[in-house]
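Protein chains in written order, with my numbering: chain G, 1 to 122; chain L, 1 to 134.
Just so you know, the hints here were simulated from the structure itself, not pulled from any lab data.
Treat the hints with caution; some may be incorrect.
Claimed, not checked - Pairwise CB distance ranges (calculated):
hint: 1; chain 1: G; residue 1: P83; chain 2: L; residue 2: V25; range: 14 to 22 Å
hint: 2; chain 1: G; residue 1: K117; chain 2: L; residue 2: T118; range: 55 to 63 Å
hint: 3; chain 1: L; residue 1: R56; chain 2: G; residue 2: M68; range: 23 to 31 Å
All C-beta atoms in this analysis are idealised placements derived from N, C-alpha and C, irrespective of residue type, glycine included.
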Amino acid sequence: MEVPILKQGAFLIATFQAALSDADLNQLRMGLVQQVVKFRSRAVIVDVTAMDVMDSFASRTLREIAHMIRLRGAETVIVGIQPEVAFAMVQLGLTLEGVATALDLEEGLAYLNEKFKITNRG
Amino acid sequence: MSAGEIRVEINSDQDIVIARQKGRVMANELGFSSGDATLIATAISELARNIVSYARSGEIKLKGINGSNGVGIMVVASDAGPGIIDIRQALRDGFSTSGSLGLGLPGVRRLMDEFEITSQPGKGTMVAVKKWRQ
Chain G
1 MEVPILKQGA FLIATFQAAL SDADLNQLRM GLVQQVVKFR SRAVIVDVTA MDVMDSFASR
61 TLREIAHMIR LRGAETVIVG IQPEVAFAMV QLGLTLEGVA TALDLEEGLA YLNEKFKITN
121 RG
Chain L
1 MSAGEIRVEI NSDQDIVIAR QKGRVMANEL GFSSGDATLI ATAISELARN IVSYARSGEI
61 KLKGINGSNG VGIMVVASDA GPGIIDIRQA LRDGFSTSGS LGLGLPGVRR LMDEFEITSQ
121 PGKGTMVAVK KWRQ
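Here chain G stands alone, though its shape is the one from the complex (with noise of 0.2 Å):
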């Protein structure tokens, strides 16, 4: 499955998808952080509104992509964990201790452009 990742001026706006597999997300794993070369990003946002499970694998790779991205001097922001995925995660003992979160994509965003102090007009 196709993760749709769109460049938004320094930004990249990566939004995953229901149904991701494990081969899935490793696959992206590694498009972010090639992609975060490619553009010289600054920040990635990923999106997992449509994320209606996050288990233990999901939310490694989480930690995993977002680290990767910080080893290359840039940000990432993981925005829209749903209320009833969060309270899973909570009961699984799952966190992501070190990685910003924000409510939606227009709180990631108003994060990231504070944080840089950039306009973004792609």
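Please build the complex by placing chain L on the supplied structure of chain G, with the hints as guidance.
Then chain L, alone, in the frame of chain G:
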């Protein structure tokens, strides 16, 4: 209300997605809240992942059940894999032999209402979990 019984063969990571989707559909049909359906789907995902990681193949059985607690769903994950030598250790947070986070079983236990595991080294593992509708 019987949603019957569904079996999902687990042979690859793609089957993990199929199993949890079917589990969510059944939970919805049984009248679970969408929050509980998410917990059930997440538990199924972890159980199916254990099958792929440790036994390579197995099956997930989903069944609507009736009990003194009312309507519920039962999920049985079984495989003929290597089995678990020390179940108590496997149920402890942070323990893993497959390089994963090791949160699978204790996490699943917290997501569901009832949890039962039987395993024989060399023969396989069966995990049966239930959740009752609120």
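Right, here's what the structure says about each hint:
1. Taking 14 to 22 Å as the suggested C-beta distance range, the pair P83 of chain G and V25 of chain L conforms, at roughly 21 Å.
2. Checked against the hint of 55 to 63 Å, the pair K117 of chain G and T118 of chain L passes, with Cβ atoms roughly 59 Å apart.
3. Against the hinted window of 23 to 31 Å, the Cβ-Cβ separation of R56 of chain L and M68 of chain G comes to about 28 Å, which satisfies the hint.
Against the hints set out earlier in the document, no violation occurs for any number.
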